[in-house]
Amino acid sequence: MRKHWIDNLRWVTVLLVLFYHVIYFFNNKGVFGGIGGFCDGPQYQDVVMYILYPWFMPLMFILAGISSRYALENHSGKEWFISRTRKLLVPSTIGLFFLSAVIGWINTMTSPAADSIAALPVPVKYVIWSISGIGPLWFIQDLWLLSLILLVIRKIDAKDKFLTLCGKTGIVTVVLMGVLFWLGHQTIIMEPDPASTDGLINLYKPIFYLIPFLLGYFVFSHDRVQETVGRAWIPLMICAAVSGITLIIRGFGQDNTSPQYLSSPLNNIYGWLMCLAMMGWFITSFNKTNTFASYMTRSSYGIYIVHYLIIAVVGYMLKVRTQVPPTCIYIILTIAVFTISPLLYEVLKRIPFIRWCVLGEKR
Numbered sequence: 001m002r003k004h005w006i007d008n009l010r011w012v013t014v015l016l017v018l019f020y021h022v023i024y025f026f027n028n029k030g031v032f033g034g035i036g037g038f039c040d041g042p043q044y045q046d047v048v049m050y051i052l053y054p055w056f057m058p059l060m061f062i063l064a065g066i067s068s069r070y071a072l073e074n075h076s077g078k079e080w081f082i083s084r085t086r087k088l089l090v091p092s093t094i095g096l097f098f099l100s101a102v103i104g105w106i107n108t109m110t111s112p113a114a115d116s117i118a119a120l121p122v123p124v125k126y127v128i129w130s131i132s133g134i135g136p137l138w139f140i141q142d143l144w145l146l147s148l149i150l151l152v153i154r155k156i157d158a159k160d161k162f163l164t165l166c167g168k169t170g171i172v173t174v175v176l177m178g179v180l181f182w183l184g185h186q187t188i189i190m191e192p193d194p195a196s197t198d199g200l201i202n203l204y205k206p207i208f209y210l211i212p213f214l215l216g217y218f219v220f221s222h223d224r225v226q227e228t229v230g231r232a233w234i235p236l237m238i239c240a241a242v243s244g245i246t247l248i249i250r251g252f253g254q255d256n257t258s259p260q261y262l263s264s265p266l267n268n269i270y271g272w273l274m275c276l277a278m279m280g281w282f283i284t285s286f287n288k289t290n291t292f293a294s295y296m297t298r299s300s301y302g303i304y305i306v307h308y309l310i311i312a313v314v315g316y317m318l319k320v321r322t323q324v325p326p327t328c329i330y331i332i333l334t335i336a337v338f339t340i341s342p343l344l345y346e347v348l349k350r351i352p353f354i355r356w357c358v359l360g361e362k363r
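Numbering (the working numbering), first residue to last: 1 to 363.
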């Protein structure tokens, strides 16, 4: 029986990613990416980043881990990994040269290296633009790598002894697993060298994201654990809200993606509790579907892949090429990303070769 709560939580989280990127694109907190804020003083709308960033991507990896467990019950490891490669690696490598060049061009237009890149031959610039326009596709690159690691781990636990043991996990142990969440963040490079790949490693955080992915596979894929988390969702949400409010009051104005911020105990307490609370809430209240939910279940992955192109193009044009007030820019961009992204996805999935390159879909 299909667990609709997983589908629903996944596409709801994708929609939160879309809204997050609208705010992030104009942040003035020093967060890498975007094109800068509208003033030097406080931008209180940036609070959206502080609310969402600590938990929504780890939650996506937890859900991916759960889904991987269910998929591998019906497919061999080889079949599953071939499917993962087409769905994840193709769009985040070959697909870059179709959509990401525009995003990369905008990124370079607002970077200190703009003048030096402008002097390069067009083919070289196109490659640079394509690679620098990866944007949120880092997620699916990471997920492909973690899928490969999972196959190795499954070989070690070939008789599913550890998997079976994890099914006995109780609510206290589940909450205490937040320590693993915190330990994962300790692997971030605390003083990244701007001239090295340190920043890239801190963006991908493969060791950190491996933890929620494996917890999804080994722990949260069990019905018993899901029921346990579902029964506790209200106190979990209350605790998450209290820790989140405290975190925001203490940390607003800081770069909420900095290693120091991410590795702080309070950030990890809030992030982990929100992952648990959101899962519990959806397990209890949203394990059902309807026409809209079914469409979003099928389409949210494609919408995720194309949405940042809309944000980059429309956001850049509104801020740089017009005199539209900031409030109107946020409203226009929000409407644009939530309407044009599904339309663009529907167009691309009907073009055979592009469908494979950009979306990883066979047909």
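Just so you know, the hints here were simulated from the structure itself, not pulled from any lab data.
Warning: the hint list may mix true and false statements.
[Stated by the list, open to error] Simulated DEER-style distance windows between Cβ atoms: (1) Ala119 with Thr289: 49 to 55 Å; (2) Phe338 with Glu79: 20 to 26 Å; (3) Glu79 with Gly41: 21 to 27 Å; (4) Pro235 with Gly41: 36 to 42 Å; (5) Val48 with Ala293: 21 to 27 Å; (6) Ser83 with Lys155: 36 to 42 Å; (7) Gly41 with Ile153: 47 to 53 Å; (8) Ala71 with Ser285: 52 to 58 Å; (9) Pro235 with Asp193: 27 to 33 Å.
Built from N, CA and C at the ideal position, the CB exists for glycine as well.
Checked hints:
1. Ala119 with Thr289: 49 to 55 Å: 54 Å, holds
2. Phe338 with Glu79: 20 to 26 Å: The hint (20 to 26 Å, Cβ to Cβ) is violated, given that Phe338 and Glu79 are roughly 35 Å apart.
3. Glu79 with Gly41: 21 to 27 Å: 55 Å, violated
4. Pro235 with Gly41: 36 to 42 Å: 38 Å, holds
5. Val48 with Ala293: 21 to 27 Å: 24 Å, holds
6. Ser83 with Lys155: 36 to 42 Å: Violated, at about 19 Å.
7. Gly41 with Ile153: 47 to 53 Å: 48 Å, holds
8. Ala71 with Ser285: 52 to 58 Å: Since Ala71 and Ser285 have Cβ atoms about 25 Å apart, the given range 52 to 58 Å is violated.
9. Pro235 with Asp193: 27 to 33 Å: 43 Å, violated
In this structure, the hints that do not hold are numbers 2, 3, 6, 8 and 9, in rising order.
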